Amino acid sequence: MSMDFLDEETIEVSRGERIQLKSLSLAGAAPLKNRELNLSELGSFKDYDNPLLSAGTLLLSDCVVLSRMEYPSDMYRFRKTLVAQITELKHQISKLNYPPSVAEKCCFLFCIVLDEFILHGSWGEQSSWENHTLVSDLFGMRDGGEQFFVVTEKALLQPKLLHDLLELVYIFLRIGFRGQYRHEGREQLEDIMYRIEQVIFEKKAVIKLDNIASPSLPKQRKPRARINFMMQLVLLICVVVLLLGGSSYLYQSDYRERAANFTSLADFNRNHLLDKKGIEVVYRSVESEMLEGLKARKLDISRVKNIATKATKKRQSSLDLTLEIAAFTSRLKAIQFLRREQIQQYGAQVIFLRDKYRVVLQPQSESRAEVLIKSLRDLGFTDVSYYYHTKSEAK
Numbered sequence: 145m146s147m148d149f150l151d152e153e154t155i156e157v158s159r160g161e162r163i164q165l166k167s168l169s170l171a172g173a174a175p176l177k178n179r180e181l182n183l184s185e186l187g188s189f190k191d192y193d194n195p196l197l198s199a200g201t202l203l204l205s206d207c208v209v210l211s212r213m214e215y216p217s218d219m220y221r222f223r224k225t226l227v228a229q230i231t232e233l234k235h236q237i238s239k240l241n242y243p244p245s246v247a248e249k250c251c252f253l254f255c256i257v258l259d260e261f262i263l264h265g266s267w268g269e270q271s272s273w274e275n276h277t278l279v280s281d282l283f284g285m286r287d288g289g290e291q292f293f294v295v296t297e298k299a300l301l302q303p304k305l306l307h308d309l310l311e312l313v314y315i316f317l318r319i320g321f322r323g324q325y326r327h328e329g330r331e332q333l334e335d336i337m338y339r340i341e342q343v344i345f346e347k348k349a350v351i352k353l354d355n356i357a358s359p360s361l362p363k364q365r366k367p368r369a370r371i372n373f374m375m376q377l378v379l380l381i382c383v384v385v386l387l388l389g390g391s392s393y394l395y396q397s398d399y400r401e402r403a404a405n406f407t408s409l410a411d412f413n414r415n416h417l418l419d420k421k422g423i424e425v426v427y428r429s430v431e432s433e434m435l436e437g438l439k440a441r442k443l444d445i446s447r448v449k450n451i452a453t454k455a456t457k458k459r460q461s462s463l464d465l466t467l468e469i470a471a472f473t474s475r476l477k478a479i480q481f482l483r484r485e486q487i488q489q490y491g492a493q494v495i496f497l498r499d500k501y502r503v504v505l506q507p508q509s510e511s512r513a514e515v516l517i518k519s520l521r522d523l524g525f526t527d528v529s530y531y532y533h534t535k536s537e538a539k
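Sequence positions in the sequence shown follow our numbering and run 145 to 539.
No wet-lab data here; the hints were simulated from the structure. Treat the numbers as computed from the prediction; the structure is a model and nothing was measured. Please note that a few of the clues may not be correct.
Here are the simulated DSSO-like cross-link-like pairs (lysine-lysine), alpha carbons at most 27 angstroms apart as the crow flies [to be verified]:
| no. | residue 1 | residue 2 |
| --- | --- | --- |
| 1 | K518 | K439 |
| 2 | K239 | K298 |
| 3 | K477 | K500 |
| 4 | K224 | K298 |
| 5 | K234 | K298 |
| 6 | K224 | K234 |
| 7 | K234 | K304 |
| 8 | K224 | K239 |
| 9 | K518 | K477 |
| 10 | K518 | K500 |
The calculated label-pair distances, taken between Cβ atoms and stated as ranges, are [as the list claims (entries may be wrong)]:
| no. | residue 1 | residue 2 | range |
| --- | --- | --- | --- |
| 11 | K439 | E510 | 18 to 24 angstroms |
| 12 | S392 | L435 | 53 to 59 angstroms |
| 13 | S360 | E232 | 48 to 54 angstroms |
| 14 | S358 | K298 | 41 to 47 angstroms |
| 15 | A403 | R483 | 50 to 56 angstroms |
| 16 | L387 | S360 | 40 to 46 angstroms |
| 17 | K439 | G390 | 55 to 61 angstroms |
| 18 | H327 | A228 | 30 to 36 angstroms |
| 19 | Q396 | K439 | 40 to 46 angstroms |
| 20 | D527 | D499 | 15 to 21 angstroms |
| 21 | L387 | D527 | 49 to 55 angstroms |
| 22 | S392 | E485 | 54 to 60 angstroms |
Each residue gets a CB set at the ideal place from its N, CA and C atoms; glycine is no exception.
Use the sequences and the hints to build the structure in full.
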C-alpha cells in the first residue's frame, strides 16, 4: 500500500505575520465546529493506557459525531481536514515503540471506519462520497469493509504483539462499525468480538468483587392489608365505650369527696345556729326602702302608699308598731348587743318574737318611728326595719 498523500508540498508559515480573522471564510467550518466542541471533553480522556487510543483521540471524536453531523457546506475543506488528521496520526504512531506496519494499519482502519460512517449517514449519498473515499484515495483500495476484518484476523494471530491494535478494533465495533456484516452475518461478527474480548480483557487486571462493599439498601416493608370499614367502626365503638366507662368510674370514685361540701351543709347550718358565740343579724326591709324599689321599677307609688295607709290605720288598733334593730338566737347575745351599743336611751328593749330574740323600739306613731330610724342610721344602724305585729306574739 502506497502513502503518496504524504508527499504534499510543505508550506512555510511566518509566526510574526498577523492574519485578519474577518478575512477568513468560515462557511465550511461546521465539521470543525463539531469537532472542537468535543475537544475539551476528550482532553480529559486523552491519556489512555493504550497509546494508539491517545494518538487517535481527534479521529475517534470524528467517528462518534459523523452520524449526527450536518452536511458540510465546504466538502473540500472537510476532506482536507480528515486527511490532515490521518497524516498527523501516522506521524505520532511512528514515534511510538511499535512495528512500522502498525502505524499504517491504524490509518487504514480509521479510513475504513470514517468512510462507512459517512456513506451510511444522512448526507452520504448527497455528497457522492463513494466516488472519492479515503481508502481509495490514500490506499488505492475499494473493498474496505472486507479488508477491515482481514487485518483483524491477522492481528488475532499475534495477540500479544498487536494487543493495542485489537483494542482499537474492538472500540470501532462497539461504536457501530459493521463492514461486510452490516446486512448479514451477525453471528460471525459476534464471534469475532468475543475472540477480541478474550484477548484484550485477559491482560486487564481482574477486579475482585469480594473487596467491593455491598451497598446498604433500605428495608422494604410489606404493604399492610386494607382494614375493613366495619372493623374500623367496631374499633371506634369500643374506644367510645371504654372512654365513657372510664369517665363514669372516675366520676363515681370521687363522688363522695366532691359532694361532701354540699351534703354537710345542713349539719353546718345546724351547728351554726346552735353556736351561742356566733353573731346573727336578721335584716328586714322598711317601707321607705320598698318604695325606692318601686320607684326604680317605675310603678305607681301613690297607689301603694294609699293601700299601705289604709291597711295601717285598720290594723293600728290591734297591732303594735315595732322597729327592729337586730335579731339573735339567744337572749344573752341580744342583751350584750343592747348594752354594747348603748341605745337604751331611745327606749330599746329585747322581746322574743317568732323564735328570735329581737332588739326593738316600739314608737307610738309612724312619724316618731321615722325620727328614730333616722337617728339610728346616724349611729350606724343601716339595717333598721319596722313592721306591725300582734301584742300576743311578743313575749
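Distance restraint hint 53 to 59 angstroms, applied to the beta-carbon atoms of S392 and L435: holds (54 angstroms)
Proposed proximity, K298 with K239 (alpha carbon, max 27 angstroms): Since the Cα atoms of K239 and K298 sit roughly 23 angstroms apart, the hinted pair holds (cutoff 27 angstroms).
S360 versus E232 beta-carbon gap, inside 48 to 54 angstroms or not: holds (50 angstroms)
H327 paired with A228, Cβ distance criterion 30 to 36 angstroms: holds (33 angstroms)
K439 paired with G390, Cβ distance criterion 55 to 61 angstroms: Because 58 angstroms falls inside the window, the suggested range holds.
Cβ separation of Q396 and K439, checked against the hinted range 40 to 46 angstroms: violated (53 angstroms)
Consistency of beta-carbon spacing, E510 to K439, with hint 18 to 24 angstroms: Holds, since K439 and E510 (Cβ atoms, about 20 angstroms apart) stay within the stated range.
27 angstroms Cα cutoff - pair K518, K500: holds (24 angstroms)
Consistency of beta-carbon spacing, D499 to D527, with hint 15 to 21 angstroms: holds (19 angstroms)
Given pair status - K298, K224, alpha carbons within 27 angstroms: violated (31 angstroms)
Whether the CB-CB distance between A403 and R483 falls inside 50 to 56 angstroms: violated (44 angstroms)
C-beta pair S358, K298: status relative to the range 41 to 47 angstroms that was hinted: holds (44 angstroms)
Consistency note: the structure conflicts with the earlier hints numbered 4, 15, 19.
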